[in-house]
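Chains as they are written, first to last, in our numbering: chain A, 1 to 120; chain B, 121 to 410.
Because the hints were derived from the structure by calculation, they are not lab data.
Treat the hints loosely; a few may be bogus.
[Said to hold, decoys possible] DSSO-like mimics (lysine-lysine), calculated; alpha carbons at most 27 Å apart, straight line:
{"#": "1", "chain 1": "B", "residue 1": "K146", "chain 2": "B", "residue 2": "K367"}
{"#": "2", "chain 1": "B", "residue 1": "K191", "chain 2": "A", "residue 2": "K78"}
{"#": "3", "chain 1": "A", "residue 1": "K78", "chain 2": "B", "residue 2": "K207"}
{"#": "4", "chain 1": "B", "residue 1": "K354", "chain 2": "B", "residue 2": "K129"}
{"#": "5", "chain 1": "B", "residue 1": "K146", "chain 2": "B", "residue 2": "K276"}
{"#": "6", "chain 1": "A", "residue 1": "K78", "chain 2": "B", "residue 2": "K233"}
{"#": "7", "chain 1": "B", "residue 1": "K278", "chain 2": "B", "residue 2": "K395"}
{"#": "8", "chain 1": "B", "residue 1": "K246", "chain 2": "B", "residue 2": "K171"}
{"#": "9", "chain 1": "B", "residue 1": "K191", "chain 2": "B", "residue 2": "K207"}
{"#": "10", "chain 1": "A", "residue 1": "K62", "chain 2": "B", "residue 2": "K191"}
{"#": "11", "chain 1": "B", "residue 1": "K367", "chain 2": "B", "residue 2": "K246"}
{"#": "12", "chain 1": "B", "residue 1": "K331", "chain 2": "B", "residue 2": "K278"}
{"#": "13", "chain 1": "B", "residue 1": "K395", "chain 2": "B", "residue 2": "K276"}
{"#": "14", "chain 1": "B", "residue 1": "K146", "chain 2": "B", "residue 2": "K395"}
{"#": "15", "chain 1": "B", "residue 1": "K207", "chain 2": "A", "residue 2": "K62"}
[Said to hold, decoys possible] The calculated label-pair distances, taken between Cβ atoms and stated as ranges, are:
{"#": "16", "chain 1": "A", "residue 1": "F114", "chain 2": "B", "residue 2": "E157", "range": "16 to 22 Å"}
{"#": "17", "chain 1": "B", "residue 1": "H172", "chain 2": "A", "residue 2": "S89", "range": "50 to 56 Å"}
{"#": "18", "chain 1": "A", "residue 1": "Q59", "chain 2": "B", "residue 2": "S373", "range": "54 to 60 Å"}
{"#": "19", "chain 1": "B", "residue 1": "P332", "chain 2": "A", "residue 2": "K11", "range": "48 to 54 Å"}
{"#": "20", "chain 1": "A", "residue 1": "S45", "chain 2": "B", "residue 2": "A342", "range": "40 to 46 Å"}
Heads up, the beta-carbon is just placed ideally off N, CA and C, and yes, glycines get one too.
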Amino acid sequence: MNIAIPVDETKTNVCASLGRAPYFMIINANTSEKTIIDNPAIAASGGAGIKAAQSVIDQNVKAILTPRCGMNAAEAFKAAGIPLYQTVSESIDQSLEAFNKGELIELQNIHPGFHGRGGK
Amino acid sequence: MKIAVLSGKGGTGKTLVAVNLAAVAKNSVYADCDVEEPNGYLFFQPTEVTKHQVTVSIPSIDYNHCSGCRKCVDFCQFNALAYIAQKPAFFADLCHSCGGCVLLCPEHAISEKQNTIGKIFIGRSKTITVITGIMDTGRASGVSVIRQVLHCLNQKNKTGTIGIIDCPPGSACIVMESIREADYCVLVAEPTIFGLHNLQMVIELVQLFNKPFGIVLNKCTADANPSAEYCHEKNLTILASIAFDKKLGQLVSDGQIAVHCDPLWHELFVSLLDKIIKEAGYEAATDNQR
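Produce the entire structure from the sequences given, and follow the hints as far as they go.
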């Protein structure tokens, strides 16, 4: 199974945004092999959450580790049956370790999305 | 003739200017395009009001006929469709009603259905036709509602009448849609650095659309007026300067139309309208008899 994490420009840290993350790291849970894919939604004028979710869903992902998630993306992941787990560290390695130990809980707070209005 | 009243920020006095211009014109149509929070009708208190729904077309997917080919999802430029579990999933909030998915579907599994996104109210206030667009709460964009308001304005705005378009604040899509068909743009500006910043944004916008425009300086005091200085520096047309006046503010907050309350304001708006008409190259059509 594959796990996806939104990652920032450094490609070593978890990105605070899911829809507008520059990259996603796809981790093969069996082989621990890591690949970085571009997020095609980074410059989308609208619907970034859906577009980002689509690119992750297409990677045959079974779990997503993210600090947060917008409403539309969350709906897409829910329809695809992919659970979201909330990261507690900026470090990808620590997040993966916590996930593998079963320490991460499912993401509860789904924000309504920024929809072109920025936000932080 | 259609005159659009706009400003880069809210609270500069767009509605004050738009409502009073409509009130001094002999026969006018006042179209409120500030569909997120229209308030011009509060001044006009229109009667004989008719209500019309504003709908847009959105896709309706027949999953019994969908082959899961993904063509519609890959086509959608607004990310309103996602491919989940071998089927398209639709997100209505992101749909721009382009109809592309309907045309493209090889299985003819997508048809169009109507989705209500707002309302239009059309009423009368003496000789003035009042058109108000209201977007339903939670909708992403008021563009379709504005388009419908302007369609109604075109139907009501016969030769010799003056259409006043009260625009939403800012310089985004909804403002572009509101000024698209205007013959002249009136930019209302506050006498502050922030006011000037926003004024520059709308100047850029109206120039992009090649619209003739002039500026109304509102809330002017004896202090420095960065907006006025900018207009002088750039040789821009100042149509009127309205002094900061608590009495005027009180009238507005009481829902009064200023030109009906004081001959001085009547005179100010009559001359403003005359100036706009001259600037735009139209014949004078103002009501000088009170």
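Evaluated hints:
1. At roughly 26 Å between alpha-carbon atoms, K146(B) and K367(B) fall within 27 Å of each other, so this suggested pair holds.
2. Taking the CA atoms of K191(B) and K78(A), the gap is near 22 Å; set against the 27 Å cutoff, the hint holds.
3. Between K78(A) and K207(B), the direct Cα distance comes to roughly 14 Å. Compliance with the 27 Å bound is thereby established for this hinted pair.
4. For the suggested pair K354(B) and K129(B), the alpha carbons sit about 21 Å apart, so the restraint of at most 27 Å is met.
5. A C-alpha spacing of about 14 Å is found between K146(B) and K276(B), which places the hinted pair at or below 27 Å, so the restraint holds.
6. Annotation: proposed proximity of K78(A) to K233(B) holds, straight-line Cα distance about 25 Å (limit 27 Å).
7. Our distance criterion of 27 Å between C-alpha atoms is met by K278(B) and K395(B), whose separation comes to about 21 Å.
8. At most 27 Å may separate the alpha-carbon atoms for a hinted pair to count; K246(B) and K171(B) meet this at roughly 19 Å.
9. For the proposed pair K191(B) and K207(B), the alpha carbon gap of about 11 Å is at most 27 Å, so the pair holds.
10. For the hint pairing K62(A) with K191(B), the CA-to-CA distance comes to about 25 Å; that is within 27 Å, so the pair holds.
11. This hinted pair checks out: K367(B) and K246(B) have alpha carbons roughly 25 Å apart, not beyond 27 Å.
12. The straight-line distance between the Cα atoms of K331(B) and K278(B) is roughly 21 Å, inside the 27 Å bound, and the hint therefore holds.
13. Taking the CA atoms of K395(B) and K276(B), the gap is near 24 Å; set against the 27 Å cutoff, the hint holds.
14. Only pairs whose Cα atoms come within 27 Å are accepted, and K146(B) paired with K395(B) is accepted, the gap being roughly 15 Å.
15. Restraint check for K207(B) and K62(A): the C-alpha separation of about 18 Å stays at or below 27 Å, so the hint holds.
16. For the pair F114(A) and E157(B), the supplied restraint of 16 to 22 Å holds, since their beta-carbon distance comes to about 21 Å.
17. At about 55 Å, the beta-carbon gap between H172(B) and S89(A) stays in the expected band of 50 to 56 Å.
18. For the pair Q59(A) and S373(B), the supplied restraint of 54 to 60 Å holds, since their beta-carbon distance comes to about 57 Å.
19. The supplied range of 48 to 54 Å is met by P332(B) and K11(A), whose beta-carbon atoms lie about 52 Å from each other.
20. Distance hint for S45(A) and A342(B): a CB-CB separation of about 45 Å, consistent with the stated range 40 to 46 Å.
When held up to the earlier numbered hints, the structure conflicts with none and fits them all.
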